[in-house]
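Residue strings, one per chain:
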Amino acid sequence: MAEAQVIEEELPTLIQAALARIRQHPHVIRANVHADSTKEFPQVDCLIQVNLPTQWRAQGQSPSGVKLEEPIRLMFSATYPQYAPLVTLRPEFNRNLAHIQPGAEQEAPEPCYFEGDPRELIAHRGIDGLLNQVVDWLHRAAKDTLIDPNHGWEPVRRDRLEDIVVLDRAALRNRIKSRGGYSFLETGYMRCVPEKGNRPHKGFLLMARVTDNALPLDQRTADWIVESPVQAQSAITHGRTLTVLVFAAKASTGAPIICDRYEPETVADLQTLAGRAADYGCRTELMEALSLVSRRLSKRAQDLGKVPLFIILVARRPITVLGSNSDIELIPYFLQVDKEFTSEPSIEVPVYPVALHDAISKNLLAELSGVALPADIYPLVQVGAGSVGSKIATHLGRAGLAPQVVIDKKCLSPHNSARHALTLPVDDYGLTWLSPKADIMCAVLAGLDQPATAIRQDAVGWRYDRQALRRSVPRNTSVILNSTASLAVREALAAIPEEQLRARIIESALYGQGHLGLLTLEGMERNPNTADLTLEAYALARADDGLRQLLLQHESQMSRQAVGQGCGTTTIVMSDARISLFAAAMSQKLIEWRTDRLPEQGKLYLGQASQDGMSLAWASESIKPFKVIVPENNDQWQIRISPRAHEKIQEDVGSHASVETGGVLIGALSSLRRTITVIDVLDAPEDSQRRRERFILGRSGLVSALEEYAESSGYTLYCVGTWHSHLSNSGASAIDHETVETLCDRIQSPALGLICLPDGYTAIVKEG
Amino acid sequence: MAAKITFFPVGDGDMTLITLDSGRTILIDINIREAADDPDDETCDVAGDLRERLKRDGQDHPYVDAFLLSHPDQDHCRGLQKHFHLGAPEEYRQGKILIREVWSSPLIFRRASSSNLLCDDARAFNREAKRRVERYREAGATVGDGDRILILGHDEHGKTNDLTDILVEIDQVISQVNGQRDAGLSARLLGPLPGPDLQEEEAALTKNDSSVVLRFHLRASGGECRFLTGGDARVGIWERMWKRHANHTEWLEYDLLQAPHHCSWRSLSRDSWRDWGERAKVSRDAREALGQALSGAHIIASSKPVTDDDNDPPCTRAKREYKDILDPVSGVFKCTGETPKPSKPAPIEFEVDRDGLCLSTVKAAAPAIIASDAGRGDPLPHG
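Line by line, the protein sequences give chains A and B. Take the first sequence: its position 658, counted from the start at 1, is 658 in the working numbering, and no numbers get skipped. Take the second sequence: its position 333, counted from the start at 1, is 333 in the working numbering, and no numbers get skipped.
If we strip away everything but chain A, and leave its shape as in the complex, we get:
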């Protein structure tokens, strides 16, 4: 051995320290600085003791060729420990094992001993951690257990890949039939001829997108294959061709053919490709497919030149393939075909292994997001692609759960860029920033493999325009996400009867300059509805100082911002980050709702940003259905009674069983919906009189109690009428009508007289 160019003492201190640790490792027999070392690139040769099973000790090596004592080399750089040393094995080490880094035949093999960047390993565990991993790797290599069934099947190792196909693995797997065969898939490609010097030995690089669109290989399809001529001054040509997906039939036993032997890539020509296909049980199918290609191409009228034909062999593995959720491995190749192509499995026809990259697909996005896409996922319509809406839609899209329809009436405006998920490429004049929000949102979602329908529309109109509603909301839609932050849209959606709009509404909104977020989900059969839930949120917030401040009493809730000369917008000033804080949390809940069964009851979430501006605290409530009644004197109106109010009334009636009792109703009135919603009940004043034949509401302290309630709710909840009980199931009396009339005059607004009967409720409404 030549003398080392550098002696140990001259190595960087940290490498000397590493060497000392290496020598202390229980599996290191010895470690020395290699002769080729320099101060910049020290190399350390280590002899590692491998614990072979006793039965192989006498032979000195395992059946997989791992010896009792294995030399490894650690190639450091002076930057250690910023970078991990490169670990190599002896040159003749068995390369047919899994988890060896792809590399050229003449280079020393590198074990793939760590899933991740070895720099991270060094940073976390030091050189000991690296050696532990390498020792473990050698031990597994000896026992031929480098493929960890808990981890997944190691895909075929392919040492030199120059060309790339992009495809949706899940979509292609769906094309595989158990009876075996092949499928011709539409494929677009780009051929690039790099400058001399960087050019690979075959002279060009291919990048292709394999679609899951299967084409029949008739003469028309054969004639459709084409590559555009090379443009002057351009090194790139485009073309369209076919990819042959080849898969095995079942074995004679009826079981699928499983290839459980790990082998690195050896395909170089049509003969070795046919051999590989035989390993996977699909040689016959491959040869049949190629023979058909040969026949069709030979009959082409036009000349073809040489075009790539991609081939994907399908191997079924005994366990799930690493990095996927399926036991099917797709192994792509290409070869050059022309009119004279013959399918003879010859060594004269070169075949090139091709790298497989996952196309952006809904399934891939879901997989990477840890989302299990339900087979029967419900369609989602989103109304509002503004600051909150665009962020939620993007989050959902990145999890494979994007809405199917995006509706927004507005166009983007440059000022939107301060708070929006969409960032647009620079075009010549920046005009994209004036495009319809819905269109741009859908373009982004299409880029996430989830094409959505963009509709420029104001959802407020749906109440009166049923056609527009039908066009915008597909029949089977079960959820609409309202992210418009528009009271008018909320009211309009709540106003549409359930018979006309069965989809449950989810509403997301921010309040209090982005310090409070509200997320609601309507209950089954849209009860409680989106408006009921907002009123419930008011009631919830009224009872909590912090929430009340933000939701009900926040000053300057809206401010007018100038966004151009003479024009402005009514909006709230807050940072994009603040919106993201809430949009992310809401999206997380939406992902849960979209992948699990929706809860039956209505849901209400109120989230509050903490003083530090970073954390959120959410309060949540499940809301049972509201009682819905139509007044006996006016069927144009609807009365909705919250579970809270109902319970209070029942309790009061229960404790005054022998006399009539009553109290004051708190809630809100919507003239648009012609609905009075009762959210709460105030006890009758002390001077009230409860008798068998009548209930007389007293006045003592009533005004101040009402004022206090309304004030504390920011005047969102107020007196909407009175209630009293009847001891028998009788309707409103003449006195009742008179009383409600009087009340209506006093409050200068439609008033409700609610009567609690032994069998339920009846009501009268007076509009003045």
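Rather than coming from a laboratory, the hints here were simulated on the basis of the structure. Treat each hint with caution, since some may be false.
Cut-off 25 Å, straight-line C-alpha distance, at most; resulting in silico cross-link-like pairs (BS3-like, lysine-lysine) [claimed, not checked]:
1. B:Lys334 to B:Lys4
2. B:Lys334 to B:Lys323
3. B:Lys363 to B:Lys341
4. A:Lys39 to A:Lys67
5. A:Lys67 to B:Lys323
6. B:Lys55 to A:Lys67
7. A:Lys196 to A:Lys306
8. B:Lys281 to B:Lys4
9. B:Lys130 to B:Lys82
10. B:Lys130 to A:Lys67
11. B:Lys55 to B:Lys4
12. A:Lys67 to B:Lys82
13. B:Lys55 to B:Lys363
14. B:Lys341 to A:Lys67
15. A:Lys589 to A:Lys624
To be clear about the criterion: a stretch of chain A counts as covered by chain B if any three or more of its residues have a C-beta under 8 Å from a C-beta of chain B, and this derived list gives those stretches [unchecked claim]:
16. 19 to 29
17. 136 to 150
18. 574 to 587
The C-beta atom is built at its ideal place from N, Cα and C for all residues, glycine as well.
Given the structure of chain A, go ahead and fit chain B onto it with the hints provided.
Frame of chain A; chain B shown alone:
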């Protein structure tokens, strides 16, 4: 899955855990010294290491399926009362390890005498074993976890005559653990051998020769391992063992041998190492009995580091003899007190899987500053 055999570093003593492919555990002897329980002492925390390897039952109590006491010497049962629950299972006290089934030699029936002096832990073991025998006599073989016992070998004075269901006779095979048949286990009972030798030996050492000798045959994932262990049995026992089994030597074959009596010369020779030194002669028969090593076999000395002096046990000459046995089969000799290094021994673990027996890989210990070893031992002066 895999079966495992773990040898804990307990100085000159034994402590071995077998984890069967089924997950059932058989613990053979313990020697948990006080220093091992002291977090500020650098002695390996073998009780902690043991607990890490044990399963917990529905009530979250750690347990072993079987505990075998090879013979009632202190270096084989030290720490029993401290770490294990003894007594009726319903009286279990939090934190202790439950013994579902006790495996005991018939020595428990022998009266204490000058030749049978027992330490506290051994006496506690005797009481517990006898309690279980009584439970068996009352309730028969239907007793539950924590009350079961197997007696390995019969008592010469007839005290085991009524124990048919829980008695394993010499040369029989055990294939049940805690009343359950286990496909991963068949263990042949080779000792304690009854008979004349006991009187020939010096009286004080008879306990050693009453050691239970078992040849385990473990199976896991299609692979197998033969493990021979014999407590502190000495040369006379091994000589007789060879005479008994010379016609079917496969009963003595092993992939793994626990060198008897902490690598004592007394198991291989009738001559004292201290008195005779290199002139001491190896007993041919004992060496044969302990020499049936299979290809690649490992011999483990459960002892302090073997030093080149007149110490016995562990004895350097015995180590040499074992290495001679191993050389032709490319085997390996290891000492629990030296592995991975004498300054910091750690449990030696073997795995048995489809490839048979294999020594597990060892990870580098964390640097002292991380492992908090810096705080152990002598106070560190700072100038």
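Query raised in the report: What are the numbers of the hints the structure violates, in ascending order?
Result: Violated hints (numbers, rising): 4, 6, 8, 10, 12, 18; every other hint is consistent with the structure.
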